[in-house]
Structures are given as structure tokens and as C-alpha cells.
Amino acid sequence: MIYRLIFILLLAGCSGGPAVVQKKTFIDVKGYFQSEIKRLGNYKTEVKKTVSRNNQTETQMLNNINWQTELSLFVESDINKSAWRNSYKISKIGKEVIYSATDSALKTRQIRVLEGVNGRIKKVQIKNNTNNMLYQSSEILTYVPDSLYKVVKNQKVFIIGENRYVISGSF
4 MIYRLIFILL LAGCSGGPAV VQKKTFIDVK GYFQSEIKRL GNYKTEVKKT VSRNNQTETQ
64 MLNNINWQTE LSLFVESDIN KSAWRNSYKI SKIGKEVIYS ATDSALKTRQ IRVLEGVNGR
124 IKKVQIKNNT NNMLYQSSEI LTYVPDSLYK VVKNQKVFII GENRYVISGS F
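Heads up: the sequence shown begins at 4 in our numbering, then just goes up one per residue.
Just so you know, the hints here were simulated from the structure itself, not pulled from any lab data.
One or more hints might be untrue.
[Stated by the list, open to error] Straight-line distance between alpha carbons at most 20 angstroms, and here's what the computed EDC-like set of lysine to aspartate or glutamate pairs gives:
no.: 1; residue 1: K130; residue 2: E49
no.: 2; residue 1: K84; residue 2: D106
no.: 3; residue 1: K110; residue 2: D149
no.: 4; residue 1: K130; residue 2: E142
no.: 5; residue 1: K33; residue 2: E118
no.: 6; residue 1: K52; residue 2: D149
no.: 7; residue 1: K156; residue 2: E79
no.: 8; residue 1: K153; residue 2: E49
no.: 9; residue 1: K153; residue 2: E118
no.: 10; residue 1: K126; residue 2: D106
no.: 11; residue 1: K125; residue 2: D149
no.: 12; residue 1: K156; residue 2: E49
[Unchecked claim] Derived Cβ-Cβ restraints for the label pairs, each shown as a range:
no.: 13; residue 1: R42; residue 2: M64; range: 30 to 38 angstroms
no.: 14; residue 1: N135; residue 2: I101; range: 40 to 48 angstroms
no.: 15; residue 1: I162; residue 2: E99; range: 21 to 29 angstroms
no.: 16; residue 1: K126; residue 2: Q59; range: 26 to 34 angstroms
no.: 17; residue 1: K92; residue 2: L65; range: 36 to 44 angstroms
no.: 18; residue 1: I101; residue 2: I163; range: 27 to 35 angstroms
no.: 19; residue 1: M64; residue 2: K125; range: 23 to 31 angstroms
no.: 20; residue 1: E165; residue 2: Q63; range: 23 to 31 angstroms
no.: 21; residue 1: S173; residue 2: E99; range: 31 to 39 angstroms
no.: 22; residue 1: E165; residue 2: G34; range: 29 to 37 angstroms
no.: 23; residue 1: G164; residue 2: E99; range: 16 to 24 angstroms
no.: 24; residue 1: T60; residue 2: S141; range: 15 to 23 angstroms
no.: 25; residue 1: K153; residue 2: G97; range: 19 to 27 angstroms
Even glycine gets a Cβ: it sits at the ideal position worked out from N, Cα and C.
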């Protein structure tokens with residue numbers, strides 16, 4: 004009998020209180036692009052996709068785009084991690100909000116968001132850098148809703164050499 008009472012008290016003590024929801028400190032890049040992926044997936048928009056590697060270019064017209072794949076680098080540039088709460092400074096110039104990394108070790112160095120009418124996003128530009136002994140990479144990601152996305156990536160890999168990639172889609 005006493006064991007049942009202890010068991011019940013332990014269960015009651017383990018019941019969770021109200022869930023704590025973390026407030027977003029910066030722009031919700033991940034959430035924004037996940038909603039764009041869903042929205043764009045609902046339309047069968049024709050996309051003119053151009054892929055370039057070291058100035059060798061190929062262009063195709065595509066009707067069935069996997070937006071999850073195309074916008075994955077944007078989603079991965081999320082800066083809303085609780086550990087990074089003090090790692091970015093925010094500045095505003097006119098209708099543009101700029102999030103700049105204060106810690107040089109962070110991959111996402113800068114996010115620029117241009118707002119239009121009613122606070123709607125007109126353009127997002129993200130700069131990412133990765134540096135270590137074997138690998139250097141810089142990315143500039145640009146997204147204009149209902150118009151284009153572009154990824155410019157410069158890569159320098161020890162032994163292999165340098166590569167420049169440009170991927171763009173206009174729709």
C-alpha cells in the first residue's frame with residue numbers, strides 16, 4: 004500500500020507544468036522559408052533554373068521543383084538558437100533590417116531583410132562563411148518572394164582546389 008502511495012506521489016510530481024515557449028529573438032528564417040516551401044509547393048510554377056560551376060552554365064525550364072531541396076540552405080541559416088541570443092547585433096537602415104554576427108565562429112555572418120508594404124518581406128539576403136584547416140566556403144543566398152532565389156558559393160578545399168557555384172531560379 005505504501006509503495007502505491009509513493010508511486011502516485013512520484014507520478015504527480017513528474018507531471019509537466021505549462022510548456023515554456025521560447026520567444027524568437029531574431030527573424031525566424033527557418034519558419035519563414037518553411038512556410039515559403041509549403042506555399043510554393045501548392046503552385047505548379049514554371050521555374051527557369053540555371054546552374055553554373057566554374058563558369059560552365061546549364062539552364063532548364065522546370066515544372067516540378069522540389070522547394071525543400073532548393074531552399075534548404077536558407078532554412079539551415081536559422082539564427083534563432085538560445086545559445087546565440089547575444090551573438091548577433093540588429094541594425095536598421097530604412098526598411099532594411101540587418102542581423103550581423105558578433106562571433107566570428109558563427110557560420111551565418113549576416114542576414115539582411117528588406118521589408119515592403121505592411122511589413123511583408125520583399126527580399127532576404129544571407130551571407131554564410133565556413134573556415135577550417137581543410138575547407139573554406141562562402142555563400143551569398145538571395146531570395147525575392149514570387150520572383151527568384153539565388154545561391155552563390157565559393158569553395159576552396161585543401162588539395163582539390165577552388166570551385167565557384169551559382170544556382171538561380173526565376174519564377
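(Q) Quick check: does the Cβ-Cβ distance between S173 and E99 fall within 31 to 39 angstroms? (A) Given a distance of about 22 angstroms, which is not inside 31 to 39 angstroms, the answer is violated.
**Q.** Range hint 36 to 44 angstroms (beta carbons of K92 and L65) holds or violated
**A.** holds (39 angstroms)
**Q.** E99 and G164 - C-beta distance against the hinted 16 to 24 angstroms
**A.** At roughly 36 angstroms between Cβ atoms, E99 and G164 fall outside 16 to 24 angstroms, so the hint is violated.
Q | Verdict for E165, Q63 (Cβ pair) under range 23 to 31 angstroms | A | Holds: the Cβ-Cβ distance is about 26 angstroms, inside 23 to 31 angstroms.
Q: Decide if the proposed pair is consistent with the structure: K130 and E142, CA atoms, cutoff 20 angstroms inclusive.
A: holds (6 angstroms)
(Q) Tell me if the straight-line CA distance from K153 to E118 falls inside 20 angstroms. (A) holds (19 angstroms)
Q | Pairwise beta carbon distance, R42 to M64, judged against the given window 30 to 38 angstroms | A | The hint (30 to 38 angstroms, Cβ to Cβ) is violated, given that R42 and M64 are roughly 21 angstroms apart.
Q) Holds or violated: K156 with E49, Cα cutoff 20 angstroms? A) Cα-Cα ~24 angstroms, so violated.
Q | Range hint compliance [Cβ, M64 to K125, 23 to 31 angstroms] | A | holds (25 angstroms)
**Q.** Verdict for N135, I101 (Cβ pair) under range 40 to 48 angstroms
**A.** violated (26 angstroms)
Q: Can you let me know if the beta-carbon spacing of I101 and I163 is within 27 to 35 angstroms?
A: holds (34 angstroms)
Q: May I ask you to test the hint 21 to 29 angstroms on the CB atoms belonging to I162 and E99?
A: violated (40 angstroms)
Checked against the numbered hints above, the structure violates hints 1, 3, 10, 12, 13, 14, 15, 21, 23; every other hint is satisfied.
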